[in-house]
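> Hints in hand, dock the two standalone chains.
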Amino acid sequence: MIKLKSILIVSFLLVIIQMQAQDSLPTFKSEKFRSIEIKTGIGIGYPPRIYKIPINIVYQQNLKRGFSTIIYSEFLSMFSKSSESSYSEFIWLEAVGIGKTIGKNRFSNGLYLLGGGRAYYSKLTLYNTDFNQNTLVTKKITPELGLLYNLKIGKKKIYFTTQMYFALTPLKNFIEARHTLTLGIGYRFQTQKK
Amino acid sequence: MKISNILFTIGFLFLLISCSKAEIEQDQVKEISIHSTITGTDYAIWVVLPNDYDASLKYETIYVLDGDAFYLKTEKIAKLTEKLSLKYNKQNSIIVGISSKNDRSRDFTPTITSEGGGGSENYSKFIELELIPRIERDYVVDTTPKSRVLIGHSFGGLVTGYFFTKHPNVFNNYLLLSPSFWYDNNIFFKYEKESRAINASQANLVFVACGELEESIVICAIEFNYRLTTFYPNCKHDFLILSNRGHIPSSLENAESGLEFYYKNK
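Chains Z and B are the protein sequences, given in the same order.
In terms of my numbering, the first sequence opens at residue 1 and continues consecutively.
In terms of my numbering, the second sequence opens at residue 1001 and continues consecutively.
No lab work stands behind these hints: they were computed from the structure.
Hints may contain errors.
Said to hold, decoys possible - If you anchor each label on the Cβ, the simulated ranges turn out as follows:
{"no.": "1", "chain 1": "Z", "residue 1": "Thr138", "chain 2": "B", "residue 2": "Lys1193", "range": "23 to 33 Å"}
{"no.": "2", "chain 1": "Z", "residue 1": "Leu183", "chain 2": "B", "residue 2": "Glu1194", "range": "49 to 59 Å"}
{"no.": "3", "chain 1": "B", "residue 1": "Tyr1053", "chain 2": "Z", "residue 2": "Ile53", "range": "53 to 63 Å"}
{"no.": "4", "chain 1": "B", "residue 1": "Gly1118", "chain 2": "Z", "residue 2": "Arg106", "range": "54 to 64 Å"}
{"no.": "5", "chain 1": "B", "residue 1": "Asp1042", "chain 2": "Z", "residue 2": "Asp130", "range": "36 to 46 Å"}
{"no.": "6", "chain 1": "B", "residue 1": "Glu1194", "chain 2": "Z", "residue 2": "Leu111", "range": "53 to 63 Å"}
{"no.": "7", "chain 1": "Z", "residue 1": "Ile175", "chain 2": "B", "residue 2": "Gln1091", "range": "26 to 36 Å"}
{"no.": "8", "chain 1": "Z", "residue 1": "Lys172", "chain 2": "B", "residue 2": "Pro1145", "range": "30 to 40 Å"}
Since the structure is predicted, the reported quantities are computational estimates derived from the model, not experimental observations.
Just so you know, even glycine gets a beta-carbon here, dropped at the ideal spot from N, CA and C.
Only chain B is shown next, with the shape it has when bound in the complex (with noise of 0.2 Å):
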């Protein structure tokens, strides 16, 4: 085959991929910026709207961490929200996605080690009393813990956890994906088990998975898995181990699972 022959398939194909249709509309996604004077960081925030958004129905939230990482990205969870509120016959929900490009490993972490910097709290505070007030005040959503899922991965798992442990009331559905509980000397299960008297009786919807190769995330999930089954009798879970997957590539099938769990149970 010729040169030329070769190079007119590579961009044939190429128009065919440029002319395909977007999977997200763009007029659904909005991008607002938010400087939190409880961080002192600036957060940009894309929020995707259902593409048949009604302002008269109050929405569920969906809060993505890593919403701007691109085995996470706000726009891929809003298509798979699309797909499975359809499959189980369920309203579509908003998604809120939140960039952590700026400090990251202090905002996820809860203590300060040599791989973060102890800023879980102050950044869960500011989704508490800044994020999500600013969403419920712009869009029509319900504003009880029960319609808010929050979803992270890896760090972004870790401070999911922090939240079912020690802000329980903001959240009632948790995706906790590859989750980081090997923090710290496994600083996550300290909290899980001072709070465990107070949450124990919580009626949440938790979903933990990882992938198979990531093995000190699938300890430390195995045994999460195993608290919630022993110790939260009112806790609807499920645990999945991704077969021959590593932490990057587990992440969106993981999250796929996870809100199909979600519309499943809700």
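So here's chain Z without its partners, still in its complex pose (with noise of 0.2 Å):
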């Protein structure tokens, strides 16, 4: 019985073996292209300065003529604390695409608008003030909608990729919106030779 269980076990495996070797990658402007990409980096505000580093991960399907669909996610976590103050600050970011990938076998430019809501959390707490409220806490899910420029670069599996997303809502807040620069590496989902 053991036998029998170990030779199923060790026959399974060889399929899954086989199937892989038969997978190919798909270049970046395939129809079956699919990745997963994780990426930190730079928020970058105005007056010119920088935020902490969010931590990014962008799953892309492509569609047919160069299009693609992608789901975003951003998430930001910062705290201080100061013998005056204390801060912390959360930010989640979750949001669906589409856009266009123009790119050859090595390189890809990517350009889409994303929709999607922006969770915000902060608290503020000040110390050794005669204030009459100490503490700030600021909570807010919002409409987000987005502008996102990608760029992959890369023959293999894993491969680079470098993005900028711009927050487009409120529009009147532009200049001081999370716009943020990221880096980091895709992984391209293998697909099956037909």
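Given below as structure tokens:
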């Protein structure tokens, strides 16, 4: 019985290996291209300043004629404390997007329009003041519209990627919105040969 | 679409924008320069007269700090007052914008720190003893404090608060936009407490506003609003936190709300 189980497991693994061996890597503009990217980088703001590093995950699925859909997630968490105050902040941005990918084998440029929502939480506490209210908590969930430029470089399964994200909502807050410049790595899923 | 078509479209749009009517007629705007013997600085000043300026009338004056900043430009404020004075059927005002390009962080801060030069007292004297007399000599304006408004944003809001506490007889109307009351460990609130007994009976109009996403400014603005409500019974005031806005993007919208408050209540 144990022997039979072992044979089944080994057979199963061989089938998987066989399937893997048949796989091929799709090019960036292939309709079969699917990828997941993880990036980190800086947030850029005005007056000129740099926000703490966000973590960004992008899943991409190509469609026909160079169009792609993406799922975009971004997380940012920070905390600072001094003798006068403490401040903590958390941002979670979740959006879906559609755009166009242009590129040859090694390079790919993509421009995407994104829509989704942003959750924002911050807590500021002041010490050593005679204020009537010493703590301020801000909680918000707001709709999000953004523009994403993405660059992928590499021919292998793991490739280099960098992107700029511009938050467009609210447009009146554009100059102080949390625009980000991130870079990281991407993993392209294999596809089966027909 | 061909590149030439795209360029043509962009060019056409640019032409349309270029041909659009200027917001304020240029003959309404007078630019002067004042050398202050108190601060030792030259200040560019823009005076915007109402479009129906009549030398036989007496006008209120609205002084705008950072009057050359792109987010609070003197002409934008003038456009707002034109609109709001019509809306509330009130006489329009003369707008006086003060350049802050020279020595802003010195002039707008009351104490010396790594962020400021502690020149608020001299700057206040410049406005009170040099600028206002010059404006009131050259134009037909109402010279009482209740006919003068001071608008300041950020450090400009801090110096506006400085006038409120230290020189309360110069202006009776204050628009404090995202004031930097956090400066020097909230020193403004020390001034407010010290001058409260003298100022509490003043019949001022005070508008305080900020953007929701500038937390350290919001918490100080909440405190100032609390103190106005609690300790200044004769002061008519309003408080606004503009949703989902930061420091600069909130400035002009809050200025409009503040001017609306002023025209409604003056």
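> If I claimed the Cβ atoms of Z:Lys172 and B:Pro1145 lie 30 to 40 Å apart, would that claim hold in this structure?
holds (34 Å)
> Range first: 36 to 46 Å. Now tell me if the beta carbons of B:Asp1042 and Z:Asp130 are that far apart.
Holds, since B:Asp1042 and Z:Asp130 (Cβ atoms, about 40 Å apart) stay within the stated range.
> Has the hinted range 23 to 33 Å been met by the Cβ atoms of Z:Thr138 and B:Lys1193?
Given range 23 to 33 Å: holds, Cβ gap about 27 Å.
> Do the Cβ positions of B:Tyr1053 and Z:Ile53 conform to the proposed distance bound of 53 to 63 Å?
holds (55 Å)
> Within 53 to 63 Å or not, the Cβ separation of B:Glu1194 and Z:Leu111?
holds (58 Å)
> Can you tell me whether the CB distance of B:Gly1118 to Z:Arg106 sits inside 54 to 64 Å?
Between B:Gly1118 and Z:Arg106, where Cβ atoms are some 58 Å apart, the hint holds.
> Taking 49 to 59 Å as the hint, is the beta-carbon distance of Z:Leu183 and B:Glu1194 inside that range?
holds (53 Å)
> Do Z:Ile175 and B:Gln1091 keep their Cβ atoms within the hinted range of 26 to 36 Å?
Holds - the Cβ-Cβ distance for Z:Ile175 and B:Gln1091, about 35 Å, lies within 26 to 36 Å.
Violated hints are absent here; each numbered hint is respected by the structure.
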